[in-house]
Amino acid sequence: MKPGQISETQQLGPMSGFIIPHTMQISIGILSFQQLLSKDSGQDAWLACLIGGLFSLAIMWMILRLLKNEQKFGRADFFSIHQRLFGKWLGGLLNFFVTAHVVLFGVVFLRSYIEILQVWIFPQLSVFTFTILFCLIIWYIVLGGIRIVGGICMLSFIYMIPLYMSTVFAVPEAYFSNLLPMFEHSPASILISAFHTTHIYLGFELMLYFYPFIKRPQLAKKWCYFGILTSMYIYIILMLMATVFFSRGEMRLTIWPTVTFWKSVSFPLLEHVDMVIIIYYMWALLPSVSMSAWVASRFVKHTFPVIKQKYALVGVLLIFVIISVLIKNGEQVKIANDLYGNIGFFIVYAYVPFLLFYQWLMKKVRGKAA
Amino acid sequence: MFWKKKRLEETDKKNKPQTIMDLFQHLKENPDFAHFQHQGDHFSCWISFFKTLVDVDYVHRDVFPCIYDEKIHSMKDIQEQLPIETIIRTKDLSMIQSKLLEGYIIIQKNEADTDCLIIPSIKIEGRQIEKSEVETSILGPKETFVESLDTNINLVRKRIPIPQLKVEELRVGKISRTRVSIVYIDGIANVENVNTVKQRISDLEVANLIDATVLALNISDNDNSIFPQFIDTERPDRVSGAVYEGKIAVLVDGSPNALVMPSTIVEFFVAFDDYFLVWHIASLYRLLRLFAVALSAFASPVYIALLTYHYQLIPKDLLGTLISSRSSVPLDPVMEVIVLEIMIELLREAGARLPTKVGQTIGIVGGIVIGTASVQAGLTSNFLLILVAMSALAAFITPNYRMATSIRFIRFPFIISAQMLGMLGIAFCFIFFVCHLLRLTSLGRPYIEPIYPLRVNDLKDSFIRLPYNFQNTRPMVLRPGDVSRMNATRTHKKKGKHKADIDE
Chain A
1 MKPGQISETQ QLGPMSGFII PHTMQISIGI LSFQQLLSKD SGQDAWLACL
51 IGGLFSLAIM WMILRLLKNE QKFGRADFFS IHQRLFGKWL GGLLNFFVTA
101 HVVLFGVVFL RSYIEILQVW IFPQLSVFTF TILFCLIIWY IVLGGIRIVG
151 GICMLSFIYM IPLYMSTVFA VPEAYFSNLL PMFEHSPASI LISAFHTTHI
201 YLGFELMLYF YPFIKRPQLA KKWCYFGILT SMYIYIILML MATVFFSRGE
251 MRLTIWPTVT FWKSVSFPLL EHVDMVIIIY YMWALLPSVS MSAWVASRFV
301 KHTFPVIKQK YALVGVLLIF VIISVLIKNG EQVKIANDLY GNIGFFIVYA
351 YVPFLLFYQW LMKKVRGKAA
Chain B
371 MFWKKKRLEE TDKKNKPQTI MDLFQHLKEN PDFAHFQHQG DHFSCWISFF
421 KTLVDVDYVH RDVFPCIYDE KIHSMKDIQE QLPIETIIRT KDLSMIQSKL
471 LEGYIIIQKN EADTDCLIIP SIKIEGRQIE KSEVETSILG PKETFVESLD
521 TNINLVRKRI PIPQLKVEEL RVGKISRTRV SIVYIDGIAN VENVNTVKQR
571 ISDLEVANLI DATVLALNIS DNDNSIFPQF IDTERPDRVS GAVYEGKIAV
621 LVDGSPNALV MPSTIVEFFV AFDDYFLVWH IASLYRLLRL FAVALSAFAS
671 PVYIALLTYH YQLIPKDLLG TLISSRSSVP LDPVMEVIVL EIMIELLREA
721 GARLPTKVGQ TIGIVGGIVI GTASVQAGLT SNFLLILVAM SALAAFITPN
771 YRMATSIRFI RFPFIISAQM LGMLGIAFCF IFFVCHLLRL TSLGRPYIEP
821 IYPLRVNDLK DSFIRLPYNF QNTRPMVLRP GDVSRMNATR THKKKGKHKA
871 DIDE
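Quick note, the sequences are listed as chains A and B, same order. Under this note's numbering, the first residue of the first sequence carries the number 1, and numbering increases by one thereafter. Under this note's numbering, the first residue of the second sequence carries the number 371, and numbering increases by one thereafter.
I should point out that these hints are in silico values taken from the structure, not numbers from a laboratory. A portion of the hints provided could be inaccurate.
Claimed, not checked - Here are the simulated SDA-like cross-link-like pairs (lysine to any residue), alpha carbons at most 25 Å apart as the crow flies:
#1 Lys-501(B) - Asp-485(B)
#2 Lys-398(B) - Thr-506(B)
#3 Lys-501(B) - Leu-683(B)
#4 Lys-215(A) - Ile-818(B)
#5 Lys-686(B) - Ser-166(A)
#6 Lys-215(A) - Leu-810(B)
#7 Lys-221(A) - Leu-824(B)
#8 Lys-686(B) - Val-276(A)
#9 Lys-263(A) - Leu-683(B)
#10 Lys-215(A) - Ser-546(B)
What the hints assert, rightly or not - From the structure, some residues in chain B lie toward chain A, with a derived Cβ separation under 8 Å:
#11 Leu-688
#12 Thr-691
#13 Leu-794
#14 Ile-801
#15 Arg-809
What the hints assert, rightly or not - Computed footprint of chain B on chain A; a stretch qualifies when at least three of its residues, placed anywhere within it, have a C-beta under 8 Å from a C-beta of chain B:
#16 117 to 124
#17 270 to 280
#18 309 to 316
Where a beta carbon is used, it is the ideal one built from N, C-alpha and C, also for glycine.
Bound-form chain B, shown alone:
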């Protein structure tokens, strides 16, 4: 439209500094910008930096004494004498500007000279590495990523101490120019996958990039899908495990989450703890999670369908319980379910937004008081309360938070279709979701991979986890550069366990 076009044309073109003096003029308005002339006996220069961005201690202790030293006579001397490994000498104005705003020190001979020395002295402010809070685990490492990219790369690199570990850096965001790192093992990760990731990230047109999850939403294969297509995790051990497998990790500066790509749907139901347990127990937990997802999606819709259309399906013994618990409820099954589901949804959202201590209180108040009160008030039946509470619990058994919210959401289409067509509606809804999952891809790789396309070999680490000596090939879906993880025959040999026969 007219006005929109006009608005778009009104962008400020004059504001861009043309010379270095313009730049300084512009920045001097900021109280934290230090710009002064050093007047020495042998040498004088202009020094400029942001007090809030540089490490002031370091500058005073290590940089200034050296510059003020009497051995220094020229800019070239500084470059040679200063005990810092990377000092850049440049005339590029845009580089000077961006470095200044990242926390570098700029040194010039005269104020108007474009010839500058750029000295790194970045102050890293951020929280300490803490215990995991979102993806908690009982066994295994507890470290989590923090908001600093360099610390995060350090956490990954120390788990993968090989020269083949590649860390490539890209800049994303028209204004923010946020650092984004792509981490993979050269030779194991599929080249095509790496190129796809690089291309998608570098083609990305955004103004700024706040978090890794935003990146995940922007580069996902299908933007309209409610299912997350890349795993986001805060655990460095999970990331390095995935990188060893041949996946690609993407880290964003300022984000405590790493993205792991490509991912299949089964991986969203894998907790990293599973690898620290015996395989039978780990497999059982995985199956439990799968059952939980089914329960969470189907419990209340099936209740509606049975009570509205298919009361023949309810056995005689159960009928008595149902009637006695529903006799005082004036609402239709569907209204009853919607009321209760929304109540639980409110509790969840309130619990997530409130400070921890208040949140707990709200949980107790909401869970117990509203729950029992709504039954006594005759708003819902006891039976449904149990179903809904159980399915809410079951939804959050999913280890990945984004997947858990998707699973929470899925039930609403099911509830509506159950009301419209009964079990037939549930079946339609189910088929729709399955078709949607069939069509989804993650980085061009099929999303429900071990099932379709059927790869029997990849089933070893999906719904069940077989023992480690069966895990000697990397997942086929990744098309890894090096397929075998370890020697297949040697993994089956156990040291000191050569038994030819009983008692021999």
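Chain A on its own, in the form it takes in the complex:
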């Protein structure tokens, strides 16, 4: 085996190209995105979902292209690309920044989930206790390697299916006329909403980190696009559900439309389905946070090869706990969410295309020199 190559027992199947980016996208945003989107484009917000999804498809293409070009230079991941193109120091610095975003990705989701728990179930829940317990589980998962993280993604995908199905309960109480008049809003306001969708579509760019762990990347390609299309489909359905279920005025006041909708569902032997689902929703959180911890600990290992990943992981999780505790209230959670979304927008829509261009440029320049 060549140095730097990953043994087959540690690799993921091509199907993970579908599962992992998809489950990374599906996380806490699902519960609240409808309000944010309908602020600017009202009943046409589903169009914004569509546009956001199509844009992320294009970015996915760029990411895959970038990684494929990189394959002949050694390991094809974000860290190696940076160090190859920008040298050890600048590359390392860039690695630090992108990893910081990934850590933010994990922490923001974790903290937002705690916020929801505090509002809906346990008002007195201690952030510290919850994050410690959660991080212990994340530690146990990531210790098993990328395969186990992939397994968590797979199970999360399976467990989430019933939740999507639950939108059926909205049909009897739906006012489909809420969707009319269609295309009332100006393209500009729809584009503003599409910008807000970045927050929910982000996550697929993590492909840049675990790509070398996919066994046959050529086969995984179509799965990647399919994964994003699936998320897009789910988001559009949920957006439509919220639009037809809530009136415009209600929507403006509801922070978590999906949860409020679940509150209206009831079964003969079970009431308050919303509480059960919020707890069940931990499964949507697990893949994102564990992948984020995996990437961050991998960054430490890549930058300082002396430190083993298993020790780096403990440090990363401690950082998770500290940041989560530092975020005090709902207002700060919102700020952190916006920060995460905006940086993510920059990385995905500006930096990745630039990197692809730069890679091409370097190929031309170095190619002539050689």
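Assemble chain B onto chain A, guided by the hints.
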């Protein structure tokens, strides 16, 4: 520490016999050791054996008459004349010793000669092949394994009458040197799996090996897991079915259980009866078992969580029943559950240890008397009694006993975490167990295989069992040498059923 080291150094090195005379001197102390000189006209020799280990009838009837015959003049003559297929002639003292203790007869020219003839005459004492008691079934074969390895191999071999069936024997145990057989079909079983099993068994450092389950605990992938990683079964039909599938069976001398490896978690919830029923019914039974596991693990923890933290979740109609049944109970929900769970656990353990007839009585006394009495005494509520009894019942619906005990145990962490964090605690506990299962391997193969890694093809015989004509490939998780079980197109053709259209 000091004393430990000293103790370890005190092992008896002198006791090991150096010459054959030492050995005999040593063994003569045993009253059942026969060591005597045969003085014939033409030939005389020393004969030694254990009366309790050899088949005395056989020795008197077939071996001695031949040795005492006048045609015999030397050791070589015995070897030629005696109508037994394997007579070993050796000078190896350790071999002589081990064979003597297994029930062979040793014949020497002079008492001090190391040159010996070793004649097999082992007496096999053991119980008859009986009906299955642990893994009972209504349909299908009823035979079970017994404590003798040779009988067990016979039971497997007669179901797999092909030359490719390999039976390899290893010896395990520093002192006991117990015979362990690895059974697989050459060409179907994955070579890597076979090598892993062989390596794990031969690397094993134990003093003695009593049972196959002990071996399973010793060679499992994760020693600290509460989930068994290899299936142990007492049914030869199940073993041969698994061997046909490409698995490896391990049999241990003196154990009525065979191990089947590698196994996935789904197989622990498969009863062999499932294969004797129509596929819809078999699939329904499997789903029922899965539901039973969930019920058994979650029933009492959810009760605690709902009553302690989330009373909003209880519907109005149910609330009345709950209040009336709990109104006289002074304990917290968690104490109530723990009291009742421990009571049931006591009953179970008492039932398992007591002789059958007493056990039944205890079951009735415990189940009815203590159950109703504890409700009347106001120790527990009626509602919880039903829940706990049902979940106890549900735990033992699992066909494999070791898995059933694991399922029984699982509820206790759930109960504690439900008390601490309510439903959130249950969720945490559940996630922990799922992660643990994800990380488990059996012989290096993923433990929850058809789900992750997702193999749609292997789902045909997991939670549901599709009809036999869909079962034409062997499970992918085993990486079998020969993937296809039978011809896929021919399995779908039914004889005498060529229908092109309605009424044609």
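Now for the hints, and whether the structure bears them out:
Distance hint between Lys-501(B) and Asp-485(B) is unfulfilled; the C-alpha atoms sit about 46 Å from each other, more than 25 Å. The straight-line distance between the Cα atoms of Lys-398(B) and Thr-506(B) is roughly 47 Å, outside the 25 Å bound, and the hint therefore fails. Between Lys-501(B) and Leu-683(B) the CA atoms are separated by roughly 49 Å; this puts the pair beyond 25 Å, and the hint is violated. Taking the CA atoms of Lys-215(A) and Ile-818(B), the gap is about 20 Å. The hint holds against a cut of 25 Å.
A threshold of 25 Å between alpha carbons decides the hint, and for Lys-686(B) with Ser-166(A) the separation of about 23 Å falls inside it, so the pair holds. Among the hinted pairs, Lys-215(A) with Leu-810(B) is consistent with the structure: their alpha-carbon atoms are about 21 Å apart, no more than 25 Å. The suggested pairing of Lys-221(A) with Leu-824(B) holds, with an alpha-carbon distance near 18 Å, which does not exceed 25 Å. Taking the CA atoms of Lys-686(B) and Val-276(A), the gap is near 17 Å; set against the 25 Å cutoff, the hint holds.
For the proposed pair Lys-263(A) and Leu-683(B), the alpha carbon gap of about 11 Å is at most 25 Å, so the pair holds. A threshold of 25 Å between alpha carbons decides the hint, and for Lys-215(A) with Ser-546(B) the separation of about 47 Å lies outside it, so the pair is violated. Among the interface hints, the one on Leu-688(B) holds; its C-beta lies about 7 Å from the nearest C-beta in chain A, closer than the 8 Å criterion. The interface hint given for Thr-691(B) is violated, since its Cβ lies 12 Å from the closest Cβ of chain A, which is over the 8 Å cut-off.
Hint status for Leu-794(B) relative to chain A: holds, with the closest Cβ pair at about 6 Å, below 8 Å. Taking 8 Å as the C-beta contact cut-off toward chain A, the hint placing Ile-801(B) at the interface holds, the least distance being around 6 Å. The restraint placing Arg-809(B) at the interface with chain A holds, with a minimum CB-CB distance near 4 Å, inside the 8 Å limit. For the stretch 117 to 124 of chain A, the proposed coverage by chain B is satisfied: 3 residues have a C-beta within less than 8 Å of a C-beta in that chain, meeting the threshold of three.
A count of 7 residues in the stretch 270 to 280 of chain A with a Cβ less than 8 Å from any Cβ of chain B is obtained; the coverage claim is therefore met, three being the minimum. A stretch counts as covered by a chain when three or more of its residues have a beta carbon under 8 Å from one of that chain; for the stretch 309 to 316 of chain A and chain B the count is 0, and the coverage is violated.
Consistency with the previously given hints fails for numbers 1, 2, 3, 10, 12, 18, ordered from lowest to highest.
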